[in-house]
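Participant: Chains as they are written, first to last, in the working numbering: chain A, 1 to 261; chain B, 1 to 254; chain C, 1 to 290.
Since the hints were made in silico from the structure, they are not lab data. A hint or two may mislead.
To be verified - Derived pair list, reagent style EDC-like, types lysine to aspartate or glutamate, alpha-carbon separation capped at 16 angstroms:
no. : chain 1 : residue 1 : chain 2 : residue 2
1   : C       : Lys16     : B       : Glu126
2   : A       : Lys258    : C       : Asp32
3   : C       : Lys16     : B       : Glu123
4   : C       : Lys16     : B       : Glu122
5   : B       : Lys167    : B       : Glu196
To be verified - Far from chain B by the CB rule (all over 12 angstroms, computed), these chain C residues:
no. : residue
6   : Thr65
7   : Phe112
8   : Glu119
9   : Pro124
10  : Lys128
11  : Gly205
12  : Phe243
13  : Gly250
14  : Lys280
Being a predicted model, the structure only gives us computed values, none of them experimental. Glycine is no exception: its CB is placed at the ideal position from the N, C-alpha and C atoms.
In case you want the letters, here they are:
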Amino acid sequence: MNDKKMRQSRWIPMISLIIIIVITYASATITEFNFIEGLATIPQALSWIVANLFITQESLEKLPTILVKLNETIFMSIAATTLAAVVSLFLGLMGSKTTKVNNVFSVIARFIASFSRNIPVVAWSLILLISFGQNSITGFLALFVGTLGFLTRAFIESIDEASVSSVEALRATGANYFHIVNKAVIPQSLPQMLSWILFMIETNIRSATLVGILTGTGIGYVFDLYYKTLNYNAVALVTFTIVIAVIVIDLISNRIRKVIL
Amino acid sequence: MTLLQVEGLGKSYESETQVLKNVNFEVKTGEFVSIIGPSGAGKSTLLRCINRMVEINEGRVLFNNLDVGTLKKKELRKLRTDIGMVFQHYNLVPRLTVIENVLHGRFGYKTTMQGILGRFTEEEKEHAFFLLQKLGIEDHAYKRCDQLSGGQQQRVGICRALIQDPKLILCDEPIASLDPNSSKVIMDHLKSITTEMGITCLVNLHQVEVAQDYSDRIIGLKQGEIVFDGMGRLLREEQINHIYGTELRELITV
Amino acid sequence: METTETIKTIDTAYIKRTKNGRINIRSGNKIDLVIKWTIFMLTVLSIMAFFFFDYTGLQLVRAITETAYNLRVMFLEPTLNHFSWGEAFHQIGITVGLGVLATIIGGIIALFLSFMAAENLSKPWISKTVRVVVAFIRAVPTVLWVLIFAIAAGLGSEAAILGMLFHSIAYLVKAFSEAFEEVDPGILEAMRATGSNWWHIVTHGVLPSTFTYLLSWTFLRFEINFGVAVAMGAAAGAGGIGFELFMASGFYFDLREVGFITYAILIIAIVLEVISTRLKDRFFPSSVSN
Ligand SMILES: Nc1ncnc2c1ncn2[C@@H]1O[C@H](COP(=O)(O)OP(=O)(O)OP(=O)(O)O)[C@@H](O)[C@H]1O
Ligand SMILES: [Mg+2]
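Make a model of the complete structure from these sequences and hints.
Facilitator: Next up, the structure:
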């Protein structure tokens, strides 16, 4: 019996490896991906990047335009995240096992979250684009919907993790639902929730770039513009500003996290 | 005077098995009663039926002549303000200060608005400090609860129960997570609550010796049924063996 | 309450009061301050955001009613018009395949890099360098990587996979190296004490005790990469179901087909999510309980 198990466990890595190879091969076939070619592309691409993607004096003149658009993108992701967080807090409280009001609301909350989370942000922006047109609100709403689902799931976990026991204790003192949520659940899980919100703001700046390419707004729009007009120095500048923005926001978030968690 | 009557109490969760079967007992005002029994006997469930943290399936629980099982939402809140509860894992809000956690015991008396604004009267706050002092932890009042030791946290838990001005305190294994020294401090405090303040205590315990030392009366629970109910010194070796199952006894009381 | 008589006996030395003489109950520490400040800033910035937005051509009421109508058509009458079921499966296969390749190749590369990034397995300067590079890669949106590679490699799966690789590697290096750093130092010390070399420690001490974590992180990344692959199809011409979605909504304006494609994406995403939640619950019991 033990012997058989030993022999089995020796085979498992082998079998897993074979399965992985088969899946990889199948994926490469269907996507027409050529490993050799892919490999060869890397040095080619890197040398192209070194040769073309640098910032010139000329491209720096475009900086003001770029910064205005970057500004729009950053604010779009902050606003979408914050507003989504407010709604998610409500959905999270409804969906959590510890703080749900009743099962019907709980199922509805979880359904909304799952639905909005699992349809990618691109799909949302394409859907919204049809009738909202090319403006910031389209991107804002697409980010809002995607963030809503993600944050609701994260908040449900934060709430359940943080407060099962104190909720029981407060219920036993005769406290009502609002007391419990307001004075036990929120104080305890708020830092974790804020941490998720900060994470989402950073993620959304990157998603906003993608959404911007599709909806013709913000930093994504200028990137696409310079990219299509083969102005690679400006492309480099745009990329650089995005990197700086994301890293600065990441640093601020980490400072805040260090204090509150 | 009888404070609590439990009549033919039965309880089962989703599954078929009965966790509590036809439980009958009474508790008088000012009594200190311990409930002992092996793990899974239904001790926690029994306590939670008394303040209806879990729904009662069969029988009745009468507290102060009120039928607990039939109370409406508002009346249930009122009932719970009269019954304090102390937990094995203290169940405090770890990020909040000691004094805030103690004051949480007053929510039962507050309207929603008062609670949301976090308004407590000066008397309530002073009373909270008085209780902290009584339990010897007033110098930690402004610390966050997660910075306290287990014994100190349990004393905060007791203060939270006391500030409710309860007639009865339910303690679910209050010393199961504590070392012997802190356990003694906690048990002494619980005992003095009964003797000095006249508040009735119903305590779930795992340690038979502790139960015998402190209680006026012991209730032995086994597989959801009461198999012993009487004074601690009347509890004999063979009855203890009966409650816990002979071989397990050594393991449990270590 | 019997407070009136007890007040006298309180030792008031421990009571803190506010300026107007009321008893303080909050500790007023830095944490509360930072939390309040963060929430305040987020609120202010969100309100400000609406002044920076570009509202070109927006007719809010019409847009909302139209979207409501569109959503109804999409989700209640999904059909395929411009391609067949077989083609649909093929396109989905391409998107899943892009995700698989980016995840598997990324996972392998990330594994090696994360040995270098983990502080307990590497030299400080190597670990620092890897971390800085990874942070930089992470900061560039995936779509930009894909588009940049597309110039050098031409549009197609190579550019898409290479672009997606970058982010997958950055993400997994962070996750893997953190898992390695949580390995009990006692295990490493005990193995060093027996004279094991670095490879022995990694293959017999570190990998066995973190393998399940690595697996579920990798799967989580696969879940993400599926969404990314859809996006790359739509925004960077990488093909697959994302491209069909882009065509259906942007060229044919065929809401029913958009609905069909959205459903297909949704179903796969939910299946992936369920699997990765299962893996997570099984392998990270700590984050589920307590
Ligand atoms: N919420 C619940 N849902 C379903 N079954 C439960 C629930 N709570 C308790 N039980 C079951 O009821 C039985 C009694 O549990 P209870 O917690 O009352 O025992 P206990 O005597 O307090 O045990 P312990 O000493 O381990 O705390 C157990 O078999 C337990 O599995
Ligand atoms: Mg119990």
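Participant: Which numbered hints turn out to be false for this structure?
Facilitator: none
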